[in-house]
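So the chains spell out like this:
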Amino acid sequence: MTAEATNMPAKARPSLYAIDPRTKRRNAAEKRFRLYGVAAVGFGLLALVVLLSSVLGSGLGAFRQSVLTMQVPLDAAVLDKEGTRDPAAIAKVTTIAYGKLLQDALTAELTEKALLPAGMKPKDVGGMISKEAPAQLRNLVLANPDLIGTTVSFDALANGRIDGFFKGRVTMESAKLDSNVSPEQLELAQAMRDAGLLALKFNPGFIFAPDASELRPEAAGLGVAILGSAYMMLIVLVLSLPIGVAASIYLEEFAPKNRFTDLIEVNIANLAAVPSIVFGILGLAAFINFGGLPQSSSVVGGLVLTLMTLPRIIIPARAALKSVPPSIKDAALGVGASKTQTIFHHVLPLAMPGILTGAIIGLAQALGETAPLLLIGMVAFVRDYPAAPPEGFFDPASAIPVQIYSWTQRADPAFTERASGAIIVLLVFLLVMNSLAVVLRRKFERRW
Amino acid sequence: MSIGLLSLIVIALAAAGFLIGRQLALSKAGGDIRRLHSLPGYYGQTVFLFTAVPALLLMLLWLLVQPLLIETRVTSMISAADIPDGSSANLVMTDVRRVAEGIDLILARGQLGETDIAAMRADLADVRSRLAEVGVAVGTNVKPGVFEAAKAYRDLSHGGHLALTVAVLALALAGFGYALSRIRPEFRARNVSEGFVRVLLIAASLVAILTTVGIVLSLVFETIHFFRLYPASKFFLSTTWNPKFGGGSDLGIWPLIWGTLYISVIALVVAVPVGIFAAIFLAEYASKKVRAMTKPLLEVLAGIPTIVYGLFALITVGPVLRDWFAQPLGLGTSSSSVMTAGLVMGIMLIPFVSSLSDDIINAVPQSLRDGSYGLGATQSETVRQVILPAALPGIVGAILLAASRAIGETMIVVLGAGAAAKMSLNPFEAMTTVTVKIVSQLTGDTEFASPETLVSFALGLTLFVFTLGLNILALVIVRKYREQYE
Amino acid sequence: MNDMRLTERAVETKDIKIAAHDVQVYYGASHAIKDVHIDILDKTVTAFIGPSGCGKSTFLRCLNRMNDTIDICRVEGEILLDGEDIYDKKVDPVQLRARVGMVFQKPNPFPKSIYDNVAYGPKIHGLVKNKAELDAVVESSLRKAALWNEVKDRLDAPGTGLSGGQQQRLCIARAVATSPEVLLMDEPCSALDPIATAQVEELIDELRENFSVVIVTHSMQQAARVSQRTAFFHLGNLVEYGETGQIFTNPKDPRTESYITGRIG
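Taken in sequence, the protein lines are chains A, B and C.
Mapping to UniProt numbering: the first sequence position 149 is 149, numbers consecutive.
Mapping to UniProt numbering: the second sequence position 230 is 230, numbers consecutive.
Mapping to UniProt numbering: the third sequence position 255 is 255, numbers consecutive.
There could be a bad hint or two in this list.
[Stated by the list, open to error] Simulated coverage check for chain A against chain B, where a stretch passes if three residues somewhere in it have a Cβ under 8 Å from a Cβ of chain B:
(1) 41–55
(2) 197–209
(3) 264–270
(4) 363–369
(5) 400–407
[Stated by the list, open to error] Residues of chain B placed beyond 10 Å of chain C at every Cβ, according to the derived structure:
(6) A16
(7) R35
(8) H37
(9) P40
(10) E71
(11) L107
(12) A118
(13) G159
(14) L162
(15) Y178
(16) V192
(17) F227
(18) L229
(19) R291
[Claimed, not checked] Label pairs and their in silico Cβ distance ranges:
(20) E184/A to L229/B: 33 to 39 Å
(21) A420/B to F381/A: 25 to 31 Å
(22) D155/B to L147/A: 46 to 52 Å
Worth flagging that the hints you see were computed from the coordinates, not collected in a lab.
Note that beta-carbon positions come from the ideal geometry of N, C-alpha and C, so glycine has one too.
Chain A with its partners taken away, still in its complex shape:
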């Protein structure tokens, strides 16, 4: 034994108080390593901050819109030639006539305030008004024919370029090259703003109005998309929660341990990680081509998202069921309850908060899902609100994330602002859902 001991390197013992150079190096390495960790976390958090602030920065503008306030005389001679106030007759007047009314009203307003630059054509004045405004005025009149003959104070959306000018998207330089707007129009817009005729106002249309065409970014809204997303979430909730809970109860409580249940388990774990676009292909092939359901409808979107959400509900639901201590089961079984009674009367209620938390998070993921919905045709341009459910489930609809995608595909940069604004709406929904999940977890969390 002593012979081997001599193999040990002889080493004088220095004082503990003196830190040797090697230890210094090691401590420096330790500090560096720790710094890498801090840097990694910092990078992640920084990315989050940059991501959110870039979206917020470019999207908040969508909630405010330039509006031209003017007095519009609703000339009975134009709008109701026969003077019968017959709705059918009034409906025959097209938006072109209303556009002319608005243009005249604005010109009159400008002349009165002595803002009208010399040499500006009435057509250019009218061009500052959104092409959507005549339709809005027409709807106003159709809804209330008694207005004909009176003068109404009307808030007309400004053209997207004028709006962009006040949001910094359009400049005098870019206007020179732009066929849709001229520097003179921008100068006039500035003068109108100074005179109080034009203002940036909160824009409810962004949330409630339907999408608008390529040339009218100022009128595009999320109404149809929000409704479509709501329909789909309803379908996902109604289908995936019961099926998911039933499947997790079977797998966790009843299933024997054998090849088959093992297969189901691997299957579910894999489905949770299958790329979402594959579910879109499934939806296209199975529900639309094979099942004959209508394209772009919320029912197909809902079904696809249900299949996608199921594994994401089953996995946390099983964890919640597993966390109920066996002693509670034993107690119930011990007083003569059947296994089914035990599970439905005791285990399930105790696991329910956990299951619901998982379901809400699964639903939130489904709400933000885009790729599969593109494949089932939800990217189509839809202007009509879907009808009330259940028939409305079969109507074409859009969804918030898909609407964001289709806005990013349009040329006018005003749609980028729209897309970012829509992301804010989407994130608010997700925030609400996730907070609900957190509250639920905090309130009912039990430690056994």
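Please build the complex by placing chains B and C on the supplied structure of chain A, with the hints as guidance.
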């Protein structure tokens, strides 16, 4: 009768059955529930289940099968002469369906009666303008064969619908009667209804299997279809991707695979070190307070929808990379590039790596840390030389799962990577991926039965097989790892 | 081993290796160790005995500052290693632990090869210059831990594949490899079967030649078998400390006697 109403009737009948069954059981026991084998509610439950479940299942099955049967019957009615040049039986069937829909609308308006329609002939009456009046646009004049097929289609679906209503109601009533007839005090109602419930639970867990089967079937079926139109050898071996509207496309998968892998590698190069170091920091260094704050914040990154990342790539990261790196270095002028998509995807993947790695590092037993500290190792030496090797299998699993995400990610690459199918090494050039092409080929205007569209299914199958392999490998590794320390 | 040898061993006189004065340990609000005074001798096996929760393990972990890794733990008083206070601000626990090694209750070999397990300490502390020296250190450490003959043909096999007793001896070899001056052992045999226990006990007796060994044990028989000096802890107090033979045959404190005779446990 609409499907909704029919289901409501069935459910109402079942609910009534519940009450009647319960009451019947009680009265047969003379009001003394101790004489019953089970609680009275279970007797009601058997009636409910036997009434509702078979009837609703039949309805579902019928709704799936009926269109198929009708389709085959009607398709056989259409003669080859009715199919115009350059069209297919499929397109003609679409016309048939629209005409049938139009007839329904005409009837709904009350302009014509059933008998008028039956007597109407496409070669005599102007069917097209009639349809246009009710808002159904048909491309060409309706051929007599198509019109007859449409009428047959209509008749069949109406007949089928009637038969469905009758059959479903009959089955519901039969179940109702059968279940009621079985009610006797000694009837083991609880066992029967529990057995029934268990069958329902099993059925629910089969949905997962059915989904996978559905995915595989739809992918394989259409892929075979694709390979009949386009040689598999060219798909797998060609290095050009150049779809053309008029046919004669080159549909080689390699440029797409190259783009996919290039972007995924960049994403992992970002996500793996950051994720692992973040996990180490959270698990080993952070105080409880810091951890409770930071971990959820990092996980927010995983909760943000990918479309948001896509827009971030499009409006922020892409232009910044182009203006600050690509153009000054002379590497490119495109804001969508492999780098843009890879970087943004890497950010998205950080929490996927960090959360799972964090769990896995936490699962390494404390005794190993003690052993290392007891020998005088510093914390970083312990992490690098003891904890990471011990946690390695689990971390590899986490990375594989992140890789599978990266390969299957769609929206970030659709908005950030570009659409040009290229095989280049320059990371500032726009390239494209499998998922981008699935989206663009399936949302394009080409005819469904063309190779240009069907190639999406072959791409989808490739993607599915790839990710399936990665997922299963990752699952097996992680599971083995968990067992090791349990 | 029989009781005859106890008295025979006790006559040698040794230097003081570790001197603890007035040591207090707090876990959050609870006062786990109260006023402990103890002098631990060099080249001696010292046993800490006492009922569960008496603080003997806690005190052991103070001796190489393992308690530093627990956030809520606070140590007061003075612990001197060769006259230097190990809790002094200037002391780096990393250097300290190279000189005061530790073996734990459950064998905890790293998930590495047997060779790498033993080589771990010398490598991180930079005790060897080249591979040949490292090989020599690994061999001598494994020999000291009486494991060499069993594993010399499979040094590349994972350490986790050994039997429980072999794993614990591997952990001892691992601790010995940094050539510490003091070896702390926290119930090293509690997870082992009787045969493995006997092997480890025999090893501890041999280790005494080179190191000062402090062992915490539940078993009084073990303390009597392996140690020259014994300290009895009770409710955080060091009740009695002296020659092992004296503690077991002629305890001065009634609490020690109750424990020895099995009345408190």
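Taking the hints in turn, this is what the structure says about them:
no.	hint	verdict
1	41–55	holds (count 10)
2	197–209	violated (count 0)
3	264–270	holds (count 6)
4	363–369	holds (count 5)
5	400–407	holds (count 3)
6	A16	holds (64 Å)
7	R35	holds (58 Å)
8	H37	holds (54 Å)
9	P40	holds (56 Å)
10	E71	holds (61 Å)
11	L107	holds (77 Å)
12	A118	holds (82 Å)
13	G159	holds (71 Å)
14	L162	holds (71 Å)
15	Y178	holds (62 Å)
16	V192	holds (53 Å)
17	F227	holds (48 Å)
18	L229	holds (54 Å)
19	R291	holds (12 Å)
20	E184/A to L229/B: 33 to 39 Å	violated (58 Å)
21	A420/B to F381/A: 25 to 31 Å	holds (26 Å)
22	D155/B to L147/A: 46 to 52 Å	holds (51 Å)
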